[in-house]
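Full structure from sequences and hints, please.
First to last, the protein sequences are chains A and B.
Remember, my numbering sits 13 above the position in the first sequence when you count from 1.
Remember, my numbering sits 13 above the position in the second sequence when you count from 1.
To be clear, the hints were calculated from the coordinates, so they are not data collected in a lab.
This list has only true hints and no planted wrong ones.
Identical chains blur together in the list; that is why a pair holds if it fits in one copy or across any two.
In silico lysine-lysine, DSSO-like type, Cα no more than 30 Å apart, as pairs:
hint	residue 1	residue 2
1	Lys114	Lys21
2	Lys72	Lys114
3	Lys87	Lys21
4	Lys62	Lys107
5	Lys98	Lys71
6	Lys87	Lys72
What you are looking at is a predicted structure, and each value in this text was computed from that prediction instead of being measured.
2 protein chains.
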Amino acid sequence: MKTTLGSKNGLYPMPLTLVGTMIDGDPNYSAIAHVGIMDVSTISISISKRYYTTAGIKKSHTFSVNIPSTSQVKEAEYCGLVSGKRTDKSQLFKNFYGKLKTAPMIQECPINMECQLAQTLEFPHHNVFIGEIVETYCEERYLTNHTIDFSKVDPILFIMEDTGYWRLGEQFEKAWHVKSDRPV
Amino acid sequence: MKTTLGSKNGLYPMPLTLVGTMIDGDPNYSAIAHVGIMDVSTISISISKRYYTTAGIKKSHTFSVNIPSTSQVKEAEYCGLVSGKRTDKSQLFKNFYGKLKTAPMIQECPINMECQLAQTLEFPHHNVFIGEIVETYCEERYLTNHTIDFSKVDPILFIMEDTGYWRLGEQFEKAWHVKSDRPV
Chain A
14 MKTTLGSKNG
24 LYPMPLTLVG
34 TMIDGDPNYS
44 AIAHVGIMDV
54 STISISISKR
64 YYTTAGIKKS
74 HTFSVNIPST
84 SQVKEAEYCG
94 LVSGKRTDKS
104 QLFKNFYGKL
114 KTAPMIQECP
124 INMECQLAQT
134 LEFPHHNVFI
144 GEIVETYCEE
154 RYLTNHTIDF
164 SKVDPILFIM
174 EDTGYWRLGE
184 QFEKAWHVKS
194 DRPV
Chain B
14 MKTTLGSKNG
24 LYPMPLTLVG
34 TMIDGDPNYS
44 AIAHVGIMDV
54 STISISISKR
64 YYTTAGIKKS
74 HTFSVNIPST
84 SQVKEAEYCG
94 LVSGKRTDKS
104 QLFKNFYGKL
114 KTAPMIQECP
124 INMECQLAQT
134 LEFPHHNVFI
144 GEIVETYCEE
154 RYLTNHTIDF
164 SKVDPILFIM
174 EDTGYWRLGE
184 QFEKAWHVKS
194 DRPV
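Here it is as structure tokens:
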């Protein structure tokens with residue numbers, strides 16, 4: 014029997030990311046799991062209006078989306094719990110820069126996406142920043158046959174319902190394999 | 014050493030959903046994994062402009078987002094591979110309706126979110142439909158302590174890089190536990 018839960022978001026898990034911005038000349042990173050895919054090379058991040066990161070993106074119109082591994086959960090947590098308003102997070106990681114110059118990225122994260130702000134959506138408590146990916150960086154050791162191997166990346170998956178960090182399990186099927194025969 | 018991959022989307026895995034719409038009086042379902050979280054009760058789905066589903070959402074301004082289990086991968090695949098333009102998908106599942114009346118939902122899916130269209134973003138090949146969740150339905154057997162238990166839901170996770178369907182692994186940590194001590 015179905016039960017009603019009110020207006021409850023059940024769209025989980027989502028990959029936990031570390032969003033990088035430049036604020037007053039220093040890199041700052043915030044942990045963000047309310048993200049999304051818009052178009053082939055366009056992604057969205059939802060950031061509380063209270064977050065320090067908001068000012069950085071509004072000023073530079075650029076940001077980075079870094080994908081940490083489960084082994085980096087402590088550093089990721091720290092970025093989510095401690096505000097850049099009060100604490101300098103610029104030395105937490107080895108920072109590097111790409112084409113945009115104002116989107117600091119984390120050397121230690123397996124995947125880094127450098128984004129140009131394309132659009133901002135305003136919600137009551139959050140700004141959703143929509144970014145066009147201009148370049149993606151990945152260490153060779155996370156690739157298999159020149160593509161990103163997520164079993165090697167070992168991303169952190171977030172579920173709000175239990176405020177838990179979860180691992181990626183195994184691949185059990187390939188998409189677009191069923192062809193046109195009716196399966197049920 | 015970091016290698017550049019061009020403008021490559023590395024924001025995976027994403028939960029595979031079945032998006033329900035009403036078209037010409039019949040329920041239709043499409044498999045969509047390019048989704049996102051905007052605000053507490055607002056989610057986004059990215060749909061190819063070619064998809065039959067687009068017409069349904071544009072007309073009714075409502076849709077549903079259904080979360081299938083890994084055991085439903087064949088049905089989910091079928092919804093993604095076969096267009097409602099040519100094939101009637103209205104009898105694939107037991108359909109049910111909620112408050113909005115025009116957002117068909119799938120009885121067999123563990124989680125169903127009934128959405129009112131709030132905004133539409135246009136991209137070159139996709140429309141991103143942003144929906145306010147008006148009600149969420151879940152079977153009792155997928156709940157633990159009145160909240161959704163994703164280890165019971167067993168969602169299908171999609172990764173574009175290998176076009177693979179993946180399982181959710183285990184919870185390895187709780188969020189917001191590190192407190193304010195510097196972890197690195």
